[in-house]
Amino acid sequence: MELICETKENYCTRVRVSADGELFLLCAATGNVLKCDPSGESVARTEEVVATNTTPSTFALDEGQGEGSFILANPSEGSVVLMDANACPKTLFSSFEAKPFIGPCAVAVSPVDHEVFFTDGGHEGDTSFSNPTGAIYRTVRGRKQLLALCSTGLVQPCGIAVDRNGSVFVCEQGMNRLLRFAPRGGHYVGSVFYQFSGSMGPTDVAVDGQSGSIFVTMFEPASLAHKKEGKVVVLDPSGKVSGEIVVPSTQLSSVALSVDGRCAYILSSDEVTCTSEVFWCTL
-2 MELICETKEN YCTRVRVSAD GELFLLCAAT GNVLKCDPSG ESVARTEEVV
48 ATNTTPSTFA LDEGQGEGSF ILANPSEGSV VLMDANACPK TLFSSFEAKP
98 FIGPCAVAVS PVDHEVFFTD GGHEGDTSFS NPTGAIYRTV RGRKQLLALC
148 STGLVQPCGI AVDRNGSVFV CEQGMNRLLR FAPRGGHYVG SVFYQFSGSM
198 GPTDVAVDGQ SGSIFVTMFE PASLAHKKEG KVVVLDPSGK VSGEIVVPST
248 QLSSVALSVD GRCAYILSSD EVTCTSEVFW CTL
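All residue numbers for the sequence shown refer to the numbering used here, where the first residue is -2 and numbers rise by one.
Some hints could be false.
The calculated BS3-like cross-link candidates involving lysine-lysine, where the alpha carbons are at most 30 Å apart (straight line), are [as the list claims (entries may be wrong)]:
#1 224 - 237
#2 87 - 141
#3 32 - 228
#4 141 - 96
#5 225 - 32
#6 225 - 5
#7 87 - 32
#8 224 - 5
#9 5 - 32
#10 228 - 5
#11 225 - 237
Note that these hints are calculated values from the structure, not bench results.
Produce the complete structure using the sequences and hints provided.
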């Protein structure tokens, strides 16, 4: 485990890796997309790539639209936005069946057909045990139409990933579990893929395109943590725990994998100190 990137000026909420190995971060405070190049020094700094001029909470690389394109989930403005390589924003969707979103909070692009999948749970507290109204949506027909994978019933759905077979994995942080929605013809069948225990719940998920293993970051505030180490839980395609990655931080917010599945990049974020760190390890 190695610290490869650190910023004390940006509260980053997501880390993503491009097909050619470039490392990107999203600063939720400024909305800026940052790039980190750890090859030149022991602990790299970040540089701004795109100023989105908005406040997205998460993002996904949209490499099918060309290099430098991103999909942004913006809970504050209740929209999912495409930011192209020229930094021109285009709102894809802001409502479903004429009803405004609570606030899109996680987004992924399918490796199968490049359609967009996203969760709608708003900010922390917008959905709860007494108000389980979080949802999951997907685009179809070349992103021209929106369908509901799960129209309501979720508590803080905050991380999402799509595997090579089209199955959708969602972190439901409020229920401390990972959901799976498997494609069956023209519809999806949802189930609880894994129930976690302890911690404040999962925050992000990534799927290895080679082995099908699922990597899930677990979050625990530093003020409540009993240990200084946090973990990324690794599940095999059948839903059994196959391993853990121990990280020298408990406030884990995101995980990304290299295309070849040999490296994991894990983001730790401290909202109080505005410090973000990216750890790297081989698998």
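Verification of the supplied hints:
The suggested pairing of residue 224 with residue 237 holds, with an alpha-carbon distance near 24 Å, which does not exceed 30 Å. Taking the CA atoms of residue 87 and residue 141, the gap is near 13 Å; set against the 30 Å cutoff, the hint holds. Restraint check for residue 32 and residue 228: the C-alpha separation of about 24 Å stays at or below 30 Å, so the hint holds. A threshold of 30 Å between alpha carbons decides the hint, and for residue 141 with residue 96 the separation of about 17 Å falls inside it, so the pair holds.
For the given pair, residue 225 sits about 27 Å from residue 32 by alpha-carbon distance, which is consistent with the 30 Å threshold. The suggested pairing of residue 225 with residue 5 holds, with an alpha-carbon distance near 19 Å, which does not exceed 30 Å. Note on residue 87 and residue 32: the hinted pairing holds, with a Cα-Cα distance of about 22 Å set against a maximum of 30 Å. Annotation: proposed proximity of residue 224 to residue 5 holds, straight-line Cα distance about 23 Å (limit 30 Å).
A threshold of 30 Å between alpha carbons decides the hint, and for residue 5 with residue 32 the separation of about 15 Å falls inside it, so the pair holds. A hinted pair counts as satisfied when its Cα atoms are at most 30 Å apart, and residue 228 with residue 5 qualifies at roughly 22 Å. As the CA atoms of residue 225 and residue 237 are separated by approximately 25 Å, the hinted pair is consistent with the 30 Å bound.
Of the numbered hints given earlier, the model fails none.
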